[in-house]
Amino acid sequence: MAIKLDVKDRKILSELDMGARQPVSSIAKKVGLSREVVNYRIRQLEKRNIIQGYVTVLDTAKLGLMYCRMFFKYRKMSSQREKELLSFCTKHEAVGWIILGEGKWDIVLVVLASSLSVVESLYDELCTGFGLYFQNPYISLAFKVHEFKHNYLYVKPDYRELILGEPEKAAKLDKTDYALIGLLSKNARSSSVEIAKILKTTPRMISYRIKRLVSDRVILAFRARINTSFLGYDYYKVFLTLQSFDSKQQSRLLAFLRYHPNVIYVTKPMGAHTLEFEAMVKNANELHKILRQFKLEFGDILIDYETYFTYEVRSVTYLPGVQTHNEAEVARI
Numbered sequence: 000m001a002i003k004l005d006v007k008d009r010k011i012l013s014e015l016d017m018g019a020r021q022p023v024s025s026i027a028k029k030v031g032l033s034r035e036v037v038n039y040r041i042r043q044l045e046k047r048n049i050i051q052g053y054v055t056v057l058d059t060a061k062l063g064l065m066y067c068r069m070f071f072k073y074r075k076m077s078s079q080r081e082k083e084l085l086s087f088c089t090k091h092e093a094v095g096w097i098i099l100g101e102g103k104w105d106i107v108l109v110v111l112a113s114s115l116s117v118v119e120s121l122y123d124e125l126c127t128g129f130g131l132y133f134q135n136p137y138i139s140l141a142f143k144v145h146e147f148k149h150n151y152l153y154v155k156p157d158y159r160e161l162i163l164g165e166p167e168k169a170a171k172l173d174k175t176d177y178a179l180i181g182l183l184s185k186n187a188r189s190s191s192v193e194i195a196k197i198l199k200t201t202p203r204m205i206s207y208r209i210k211r212l213v214s215d216r217v218i219l220a221f222r223a224r225i226n227t228s229f230l231g232y233d234y235y236k237v238f239l240t241l242q243s244f245d246s247k248q249q250s251r252l253l254a255f256l257r258y259h260p261n262v263i264y265v266t267k268p269m270g271a272h273t274l275e276f277e278a279m280v281k282n283a284n285e286l287h288k289i290l291r292q293f294k295l296e297f298g299d300i301l302i303d304y305e306t307y308f309t310y311e312v313r314s315v316t317y318l319p320g321v322q323t324h325n326e327a328e329v330a331r332i
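Going by numbering that gives the first Met the number 0, the sequence shown opens with residue 0, and the numbers climb by one from there.
Computed spacing ranges between beta-carbons, pair by pair:
#, residue 1, residue 2, range
1, K7, K199, 35 to 41 Å
2, E83, F297, 41 to 47 Å
3, E160, Q248, 14 to 20 Å
4, I197, K28, 26 to 32 Å
5, Q292, E45, 31 to 37 Å
6, Y264, F229, 16 to 22 Å
7, S214, G31, 26 to 32 Å
8, K199, R47, 34 to 40 Å
9, Q248, T201, 48 to 54 Å
10, K82, M204, 40 to 46 Å
11, P166, S214, 14 to 20 Å
12, Q292, K28, 34 to 40 Å
Here are the simulated EDC-like pairs of lysine to aspartate or glutamate, each with C-alpha atoms no more than 20 Å apart in a straight line:
#, residue 1, residue 2
13, K3, E45
14, K28, D5
15, K143, E167
16, K236, E160
17, K247, E296
18, K281, D5
19, K72, E119
20, K143, E277
21, K236, D105
Because the hints were derived from the structure by calculation, they are not lab data. Glycine included, each C-beta is placed from N, C-alpha and C at the ideal position.
Based on the provided sequences and hints, a complete structural model is requested.
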């Protein structure tokens, strides 16, 4: 049974959605509650597993990383072998996201790699260890990923946009920067005092570095991971195949998706599809309504579409390998 949230909890979630590092006192002022009450409500949201953690959204392109996805359909995959596969992927230094679903594919891996050779190496390892249990493998690069807030949950929508993959030069970071974003990738709400102790520096220096990383667009946002299934929502990904369209049509299409409250991601891929979007809906009928509206608006350029149901996101990090590497670096700083 879905958990129901009151207006105040929804307002708190809205603040944490893309502003997870802001002080509790700041959230309290915005939602009209005392600091103590807001702190208690946040702890309850965490305890009930509605908030599953806090992630730091990084523009992977600024780190010199490619955003690649691997899709696999299972074939005679036992629960034990799947457990071994998930363990392998969780530990692999290039795997950022692990997504389990139903439909054309059973597992999707988001691979953040510094080169195609890293992608090739991972693919070869997967095929060597688990190739007997895979069919219809598919690999696609993402040129850009647009992220939006979970506006379907909130009384007052906020249509700000995060874009991974903007055409900018890679940032120049030192080992302390990497160690810092590695720690923030684990817990975006870690205090500057806590991080300073680990990195053997001052809270003031940590705050300065975070501000610089945000200013340089290495860090795009600090987000709460919201367990939407507990709130009664299903997670779907839609793959669109479109005919050629001009920049004006593209702007209209992106605006339609951006300002739809149920859409949380839009991806421009290189692969079999033209565009992808992800939506949170209460049921398949609600997804049908979104697609029907899309067809009414863009039926002249829509060739085909496929849907993919996601039932679990096992892992989320924008800095998998570097994070692990820099934990060792941190110990030496």
